[in-house]
Amino acid sequence: MSDDMDFEEGGTVKKFMFVNRKAPYGTIYALEGLEVVLISAAFDQDVSLAFLDDGVFQLVKGQKTDGVEMKNFSPTYRALEGYDIEKLYVERESLEARGLSEDDLLVDVQVMSAAEMGDMMSQQDVVISF
Amino acid sequence: MLHIVNKSPFDTNALAGVLRVAKKEGSAVLLIEDGVYAAAKNSATEASLKAAGMPVYVLQPDADARGLQNRLMDGVNMVDYGGFVDLVAGHDNVQSWL
Amino acid sequence: MKFSIMVSEGPYTHQATDSAYQFAKAALAKGHEIMRVFFYHDGVNNGTRLTVPPQDDRHIVNRWSELGTKNNIDLVICIAAAQRRGLLDENEAKRQGKNADNIAPGFRISGLGQLVEAGIQSDRLVVFGD
Chain A
1472 MSDDMDFEEG
1482 GTVKKFMFVN
1492 RKAPYGTIYA
1502 LEGLEVVLIS
1512 AAFDQDVSLA
1522 FLDDGVFQLV
1532 KGQKTDGVEM
1542 KNFSPTYRAL
1552 EGYDIEKLYV
1562 ERESLEARGL
1572 SEDDLLVDVQ
1582 VMSAAEMGDM
1592 MSQQDVVISF
Chain B
25 MLHIVNKSPF
35 DTNALAGVLR
45 VAKKEGSAVL
55 LIEDGVYAAA
65 KNSATEASLK
75 AAGMPVYVLQ
85 PDADARGLQN
95 RLMDGVNMVD
105 YGGFVDLVAG
115 HDNVQSWL
Chain C
-15 MKFSIMVSEG
-5 PYTHQATDSA
5 YQFAKAALAK
15 GHEIMRVFFY
25 HDGVNNGTRL
35 TVPPQDDRHI
45 VNRWSELGTK
55 NNIDLVICIA
65 AAQRRGLLDE
75 NEAKRQGKNA
85 DNIAPGFRIS
95 GLGQLVEAGI
105 QSDRLVVFGD
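Chains as they are written, first to last, in the numbering used here: chain A, 1472 to 1601; chain B, 25 to 122; chain C, -15 to 114.
A hint or two may mislead.
[Stated by the list, open to error] Below, in silico cross-link-like pairs of lysine-lysine (DSBU-like), each with a Cα-Cα straight-line distance of 30 Å or less: (1) C:K14 / B:K48; (2) C:K(-14) / A:K1486; (3) A:K1558 / B:K47; (4) C:K14 / A:K1486; (5) A:K1485 / C:K14; (6) A:K1532 / A:K1542; (7) B:K31 / C:K(-14); (8) A:K1558 / C:K(-14); (9) B:K47 / A:K1486; (10) B:K48 / C:K(-14); (11) B:K48 / A:K1493; (12) B:K74 / B:K31; (13) A:K1493 / B:K31; (14) B:K31 / C:K14; (15) B:K48 / B:K65; (16) C:K9 / A:K1485; (17) C:K(-14) / B:K47; (18) B:K48 / A:K1485; (19) A:K1485 / B:K31; (20) C:K82 / A:K1542; (21) C:K78 / A:K1542.
Quick caveat, the hints were computed from the structure, so don't treat them as lab data.
None of these values were measured; they are calculated from a predicted model.
All chains, please: the whole structure from these sequences, using the hints.
Following this line, the structure appears as structure tokens:
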């Protein structure tokens, strides 16, 4: 990416959080959001992902998209570790409200309470929501 | 942190998310676009907004556009776009609850 | 203060781009700098020069062009999102073998790295979407 090359700024590291509150497939936000997350890995920032409300549906196991002829991008969440993106935060209340538990998710995450999530958000420099 | 909500509470759970998750200390809520409907007097959301534990701001041009100017609950603060800018500048960080 | 803005929705259907524009104008009036406006998701549609709204309505595309040119704001359309939705600049049209391009004056097409970079280099990044 040529536009990434000209960025040399003596190691500014900011805390970036990408907030996901929408389910996959019904709208494109989850997929295009993930594309930003992958690009952000090239900038050596302190990146985290937050999943709350319907955003937790992005992480459920067993997504099969053959019938809708859309790309199943859920395996990408498992690939994030390879990009050194390891901070995946999931809000417990959102999971439970949807009848889900950590066992239903396709990737290792840190499940936290709403208050802990709020704390985490308040510590960020940049919050990008999709 | 400045929490921006642009959806009616009768349509999405964005405001509910802020009220559930936001760290109250140092935070404020700014209602813009259809988010301003949350601040209507006698609405079902009035009580939860009053109990928010954070200052609540309403973007006046959006409230005016929706005919809410004389029907807003007590205790909310009106701002124009310049006030919106001041709120963003005056908080360490900002989150839009899309 | 240095601001950047992300616009995630197209013109007319959602108010997001109007709110972003009014915010940018107000910030400039207060002596702040708008470094970059990054158009993502359907927001890329704010940058097509083929937009012809009715005469008694605001011209959202021209308004951005003018604000950007006058105030030296970097108006960036995400290339991946743009290609999905049929927005091409001259170079890209050539490369893709298309016989037309449609980017409005003052806008440029570039990669997602520009969004992350805006987050790093600005004091605040404000997201306007749905």
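Checked hints:
Under the criterion of a C-alpha separation no larger than 30 Å, the hint pairing K14 (chain C) with K48 (chain B) is consistent with the structure, at around 28 Å. As the CA atoms of K(-14) (chain C) and K1486 (chain A) are separated by approximately 17 Å, the hinted pair is consistent with the 30 Å bound. For the proposed pair K1558 (chain A) and K47 (chain B), the alpha carbon gap of about 20 Å is at most 30 Å, so the pair holds. Of the pairs offered as hints, the one joining K14 (chain C) and K1486 (chain A) holds, with about 27 Å between alpha carbons and a cut-off of 30 Å not exceeded.
Simply put, K1485 (chain A) and K14 (chain C) have alpha-carbon atoms about 26 Å apart, close enough for the 30 Å limit, and the pair holds. Note on K1532 (chain A) and K1542 (chain A): the hinted pairing holds, with a Cα-Cα distance of about 15 Å set against a maximum of 30 Å. Distance hint between K31 (chain B) and K(-14) (chain C) is fulfilled; the C-alpha atoms sit about 27 Å from each other, no more than 30 Å. Of the pairs offered as hints, the one joining K1558 (chain A) and K(-14) (chain C) holds, with about 28 Å between alpha carbons and a cut-off of 30 Å not exceeded.
The straight-line distance between the Cα atoms of K47 (chain B) and K1486 (chain A) is roughly 17 Å, inside the 30 Å bound, and the hint therefore holds. Distance check on the hinted pair: K48 (chain B) and K(-14) (chain C) sit about 26 Å apart at the alpha-carbon level, within 30 Å; holds. About 24 Å separates the Cα atoms of K48 (chain B) and K1493 (chain A), which keeps this hinted pair within 30 Å; it holds. Under the criterion of a C-alpha separation no larger than 30 Å, the hint pairing K74 (chain B) with K31 (chain B) is consistent with the structure, at around 18 Å.
A threshold of 30 Å between alpha carbons decides the hint, and for K1493 (chain A) with K31 (chain B) the separation of about 14 Å falls inside it, so the pair holds. For the suggested pair K31 (chain B) and K14 (chain C), the alpha carbons sit about 27 Å apart, so the restraint of at most 30 Å is met. Between the alpha carbons of K48 (chain B) and K65 (chain B) the distance comes to roughly 23 Å, so the proposed pair stays at or under 30 Å and holds. A distance of roughly 27 Å separates the Cα atoms of K9 (chain C) and K1485 (chain A); the hinted pair therefore holds under the 30 Å criterion.
With a CA separation close to 25 Å, the supplied pair K(-14) (chain C) and K47 (chain B) stays within the 30 Å bound. Using a Cα cut-off of 30 Å, the hinted pair K48 (chain B) and K1485 (chain A) holds, with the two alpha carbons roughly 23 Å apart. Taken as a hint, the K1485 (chain A) and K31 (chain B) pair is honoured in the structure, with Cα atoms around 29 Å apart against an allowance of 30 Å. Distance check on the hinted pair: K82 (chain C) and K1542 (chain A) sit about 25 Å apart at the alpha-carbon level, within 30 Å; holds.
Between the alpha carbons of K78 (chain C) and K1542 (chain A) the distance comes to roughly 28 Å, so the proposed pair stays at or under 30 Å and holds.
When held up to the earlier numbered hints, the structure conflicts with none and fits them all.
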